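Enquirer: Chain residues, written in single-letter form:
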Amino acid sequence: MGQNTITVTDSGFADAIASETPTLVDFWAEWCGPCKVMDGPLNEIAGENSGKLTVAKLNVDENPATMGSYTVMSIPTLILFQGGEEKQRFVGARSKEQLISELADYLQ
Amino acid sequence: MAEKVLIIGSGPAGLTAAIYAARAELEPLMIEGVERGGQLMITTDVENYPGFSDGIMGPELMEQMRKQAERFGTRIVSSDVTAVDFSEQPFKVSVGSDEYTADSIIISTGASARWLGIEGEARLRGYGVSACATCDGFFFKEKELIVVGGGDTAMEEALFLTKFASKVTIIHRRDEFRASPIMVKRAVNHPNIDIIWDSVVEEVLGDTLVTGALIRNVKTDEVTTFNADGIFIAIGHVPNTKVFDGVLDLDDTGYIVTEPGTPVTSITGVFAAGDVTDKIYRQAVTAAGMGCQAALDAARFLDETT
Chain V
59 MGQNTITVTD SGFADAIASE TPTLVDFWAE WCGPCKVMDG PLNEIAGENS GKLTVAKLNV
119 DENPATMGSY TVMSIPTLIL FQGGEEKQRF VGARSKEQLI SELADYLQ
Chain D
110 MAEKVLIIGS GPAGLTAAIY AARAELEPLM IEGVERGGQL MITTDVENYP GFSDGIMGPE
170 LMEQMRKQAE RFGTRIVSSD VTAVDFSEQP FKVSVGSDEY TADSIIISTG ASARWLGIEG
230 EARLRGYGVS ACATCDGFFF KEKELIVVGG GDTAMEEALF LTKFASKVTI IHRRDEFRAS
290 PIMVKRAVNH PNIDIIWDSV VEEVLGDTLV TGALIRNVKT DEVTTFNADG IFIAIGHVPN
350 TKVFDGVLDL DDTGYIVTEP GTPVTSITGV FAAGDVTDKI YRQAVTAAGM GCQAALDAAR
410 FLDETT
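Protein chains in written order, with the numbering used here: chain V, 59 to 166; chain D, 110 to 415.
Take these hints with a grain of salt, some might be off.
As the list claims (entries may be wrong) - Pulled from the structure, derived: some chain D residues nowhere near chain V, Cβ distances all over 12 angstroms:
#  : residue
1  : A111
2  : G142
3  : D189
4  : A192
5  : D261
6  : M292
7  : W306
8  : L314
9  : T317
10 : G378
Said to hold, decoys possible - Computed beta-carbon distance windows for the label pairs:
#  : chain 1 : residue 1 : chain 2 : residue 2 : range
11 : V       : G150      : D       : R409      : 54 to 64 angstroms
12 : V       : D68       : D       : W224      : 26 to 36 angstroms
13 : V       : E120      : D       : G205      : 29 to 39 angstroms
Claimed, not checked - Pairs of lysine to aspartate or glutamate, EDC-like flavour, derived with a Cα cap of 20 angstroms:
#  : chain 1 : residue 1 : chain 2 : residue 2
14 : D       : K113      : D       : E413
15 : D       : K250      : V       : E120
16 : D       : K252      : D       : E172
17 : D       : K272      : V       : E88
Bear in mind the hints are in silico, worked out from the structure with no lab data behind them. Quantities reported herein were computed from a predicted structural model and do not represent experimental measurements. A virtual CB, placed ideally from N, CA and C, is assigned to each residue, including glycine.
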C-alpha cells in the first residue's frame with residue numbers, strides 16, 4: 059500500500075468522504091490483478107496533489123456495506139467524492155496520465 | 110538516439126523478449142500499456158506454467174517476470190502506444206505526445222475479450238455486464254447469471270461463477286459446445302448450471318443495472334426475456350492490433366501475419382510474438398517462447414544491420 063494514500067472502511071466511511079477536499083476512493087481486492095496496477099499511479103497522484111486530493115483505499119472483501127451501497131460491481135472502481143456526494147466514477151484500470159486528465163476539474 | 114529494441118506490450122511474450130534483449134545488452138525499452146501484464150492479470154490459478162509445481166497466481170507470475178526483466182535493465186513506460194510509423198528507419202512509436210524511435214520493434218500487445226456489440230452491452234459494462242469472471246464474479250453472490258459462449262473460456266467462467274452465483278445459465282448459439290470434453294462434462298453435470306442451446310442474446314436489459322437479456326432462438330426465431338443480475342461474455346478474443354492496421358500485414362481477423370514458425374512480420378526489423386499473432390495455441394508458455402524467438406531475431410537483425 060502506498061505511503062500517500064489512506065485506508066477507509068465501512069465504519070466511518072461517511073465521515074471520510076464528507077470533506078470539501080475531493081476524496082478519490084479506490085475499491086480494490088487482494089485477488090484483483092488490475093487493481094494492483096493502479097497502486098503505483100494512485101500513490102503518485104496522491105503525493106503530487108497533497109492538500110488538493112485525498113486518495114483512499116477500500117478493500118471490498120472486508121467492507122461489503124460500502125460496496126453494496128454504491129453498487130460497485132466491478133473492480134478496480136474509483137469514485138470521486140466531494141462533500142459526501144459522488145461526483146465521478148471510473149470503472150477499470152487506467153494510466154496515471156488518463157486519470158489525471160479525467161480528474162482535472164478537481165485538481166485545480 | 111534511437112533505442113535498439115522497443116517492445117510494445119507486457120504479457121509473457123513481451124516480458125520474455127525483454128529478459129532476453131536486456132541480457133543481450135540491448136537495453137530494451139518497454140511500453141507496457143495500461144493493461145499491463147496482459148490476460149494473466151485477470152486469471153487466478155495458473156497450473157500449467159512449467160516450474161511452478163503447486164501452481165501460481167496469474168498476477169504473481171507476471172510480477173515475477175516484470176521484476177526479472179527490470180533486473181537486467183529493461184526500462185518501462187506505463188502507457189498505451191497511440192500511433193506508430195514503421196515506414197522508415199528508425200521506427201517511430203508515439204505515446205500521446207511523446208515520441209520514441211527504435212532500430213527494431215517487438216510487438217506483443219496480445220488479445221482482449223471480444224464483445225457481442227449488442228444494445229445495452231457497453232452502457233451496462235461494470236453494472237452487470239462483464240467479460241471477466243475472476244474480476245467481477247465476487248460481486249454476484251447469490252445472484253442469477255448468464256454466460257454467453259461455448260468454448261473453454263465460457264465453461265471456465267461458468268464453473269468459476271458457481272462459487273458465487275446461485276444459478277448460472279450458459280447461452281450458446283449452436284446445439285453443441287466446442288469446448289474440450291472435460292470442461293463440457295464439468296459444466297453440463299454441474300447442478301447450478303443450466304444451458305440454453307441454439308440461442309443468441311439480442312439485447313442486454315436494464316436501466317442502471319442489468320436486469321436480464323432478450324434471447325432469440327435461432328431455429329424458431331422466438332424471442333424471450335430472460336431475467337438475470339449479470340451477463341458474462343465469453344465468446345473469444347480479438348488481437349490488439351488497431352494501431353498497426355494499415356502499417357503491417359494483418360490477416361482477415363486482425364492478427365499480425367508472420368512467416369510460419371518465426372516472429373518475422375511484413376516489415377524487416379519489426380517482430381511479433383504471443384497472442385497478437387497466434388490464434389492457435391494462445392498459451393502463456395507459447396507466448397513466452399515466441400517472445401524469446403523475437404528477441405533473438407531482433408538481436409541478429411541489429412547485428413547484421415549495424
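Enquirer: With reference to the structure, classify each hint as holding or not holding.
Expert: Status of the hints after comparison with the structure:
The non-interface label for A111 of chain D is consistent with chain V: the shortest C-beta to C-beta separation is roughly 24 angstroms, beyond 12 angstroms. The Cβ of G142 of chain D does not lie farther than 12 angstroms from every Cβ of chain V; its closest approach is about 9 angstroms, which violates its non-interface assignment. Not every C-beta of chain V lies more than 12 angstroms from that of D189 of chain D, the closest at about 7 angstroms, which undercuts listing it as non-interface. Distance check for A192 of chain D against chain V: the nearest CB is about 16 angstroms away, which clears 12 angstroms, and the non-interface claim stands.
At roughly 20 angstroms from the closest C-beta of chain V, the C-beta of D261 of chain D stays outside 12 angstroms, upholding its exclusion from the interface. Consistency note on M292 of chain D: stated as away from chain V, and its beta-carbon is indeed over 12 angstroms from all of that chain's, at 22 angstroms minimum. Distance to chain V confirms W306 of chain D as a non-interface residue, since its nearest Cβ pair spans about 28 angstroms, more than 12 angstroms. The claim that L314 of chain D is not at the interface with chain V holds, since no C-beta of that chain comes within 12 angstroms of its own (minimum 16 angstroms).
Under the 12 angstroms C-beta cut-off, the non-interface status given to T317 of chain D relative to chain V is violated; the minimum distance is some 8 angstroms. At the 12 angstroms boundary, the C-beta of G378 of chain D stays outside the reach of chain V, the nearest C-beta of that chain being 28 angstroms off. Distance hint for G150 of chain V and R409 of chain D: a CB-CB separation of about 39 angstroms, inconsistent with the stated range 54 to 64 angstroms. Checked against the given bound of 26 to 36 angstroms, the beta carbons of D68 of chain V and W224 of chain D, roughly 34 angstroms apart, stay inside it.
Taking the beta carbon of each, E120 of chain V and G205 of chain D are about 37 angstroms apart, inside 29 to 39 angstroms as hinted. Between K113 of chain D and E413 of chain D, the direct Cα distance comes to roughly 13 angstroms. Compliance with the 20 angstroms bound is thereby established for this hinted pair. Straight-line distance between C-alpha atoms of K250 of chain D and E120 of chain V comes to about 15 angstroms, which keeps the hinted pair within the 20 angstroms bound. Distance check on the hinted pair: K252 of chain D and E172 of chain D sit about 33 angstroms apart at the alpha-carbon level, beyond 20 angstroms; violated.
Under the criterion of a C-alpha separation no larger than 20 angstroms, the hint pairing K272 of chain D with E88 of chain V is consistent with the structure, at around 17 angstroms.
In this structure, the hints that do not hold are numbers 2, 3, 9, 11 and 16, in rising order.
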